[in-house]
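Visitor: The lines below spell out each chain.
There are 2 protein chains.
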Amino acid sequence: MSDDKFARDKNKAMASLTQALDSGDVDGKIIPILKIINSLPGYYTTSSCAGRIMVLEIPSAGEKKEARTLGKWHHKIHLQKLKDCFHQARRGEIWFLVQSPIFHVGVESMEKTSPLLRIAIVNGFKNSGIKTQGKKIIIEITSTERVNTPLGMDGKVMCSDEYLKLLVQVANHAIERSDKKIDRLNTNLFQLHI
Amino acid sequence: MSDDKFARDKNKAMASLTQALDSGDVDGKIIPILKIINSLPGYYTTSSCAGRIMVLEIPSAGEKKEARTLGKWHHKIHLQKLKDCFHQARRGEIWFLVQSPIFHVGVESMEKTSPLLRIAIVNGFKNSGIKTQGKKIIIEITSTERVNTPLGMDGKVMCSDEYLKLLVQVANHAIERSDKKIDRLNTNLFQLHI
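If you read the protein sequences in the order shown, they are chains Y and U.
Position one of the first sequence corresponds to residue 1313 (our numbering), numbered consecutively onward.
Position one of the second sequence corresponds to residue 1313 (our numbering), numbered consecutively onward.
Isolated chain Y (complex conformation):
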């Protein structure tokens, strides 16, 4: 990629990030990581997330573009929080999701992908890789903490409280591990300078 093109892409991404930070749309947990990566020549962050617990209503699996968010949390939750959001369910499949932290990083050259990928993988983001190619080189830094399951259909949740408690416990445990990985990555990203 030409230096010019990369510089333009980075400028554009930085403008979006500034806007997102100003509106409070970026989870505080990942801001230090975004700042470190963006301070380095040859790298910039695009869409990133600290990891989250979500409840979605979707017409059918695979049609997530048409999903409606019933609940979304970037922290641990109580069972009641989860149950409260079910009241909004109307039509389609109700899904429960736990997603691990994810960082998308634009990289100037293939040579610069290896050091960042190595640091990500060593610090627990084992599912990281190069996601798209073509004109832009994008690294996806992510992990394997994941729950992804239907809970019910057309407004009705088919799970007992006992089962929902298990889901909340597993989800909260995943958030705890995600937070630790974010801390580790934050601590060790300095190695990219070397």
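Copies of the same chain look alike in the list, so a pair counts if it works inside one copy or between any two.
Derived SDA-like pairs (lysine to any residue); straight-line CA-CA distance at most 20 Å:
id : residue 1 : residue 2
1  : Lys1377   : Asn1439
2  : Lys1438   : Ala1379
3  : Lys1443   : Pro1427
4  : Lys1377   : Val1434
5  : Lys1377   : Val1482
6  : Lys1438   : Lys1448
7  : Lys1492   : Cys1361
8  : Lys1443   : His1416
9  : Lys1438   : Arg1458
10 : Lys1468   : Val1482
11 : Lys1477   : Met1366
Simulated from the structure, these hints should not be mistaken for laboratory data.
Chain Y is already provided as a structure; the job is to place chain U on it using the hints.
Guide: For chain U alone, coordinates are given in the frame of chain Y:
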């Protein structure tokens, strides 16, 4: 990578594949795709799977290496099949998984990654990317059909039959869509020759 190193890696992978084919360890659905990819210079397949429904027993989330398989199917299932495998559960979390098809492909050079990734993504394997770097370049061709959820703990499944029916329905639907994507990829892989 040197041509010699790549040729050695491909030979080794082909020997493993021949052994797996002889033992019947490769799902028939994906054999044509493996044959096409391996017939092309610059590419070879490593671990690959047609997509599957699984029940695992694991000490705790994230410790999947220590998992014990209670059930595994590469085709659609009936509720009773699922319930039958629960009897083997003893200790730890019981997880239900639906995994999309996955192909790992060793590639000779970065230049050769783009054509294969493009064909994979266009034919429904939207989660594909370059997974590892370093000495080997590995493309992971995969999709987003996925269920990943705990069902219970220490031998006890906490889900009603009504809920398990929903899971089986969603899992079978994912297998159907996976099969269609495998067919599409198989039909369109010839474009790699061009």
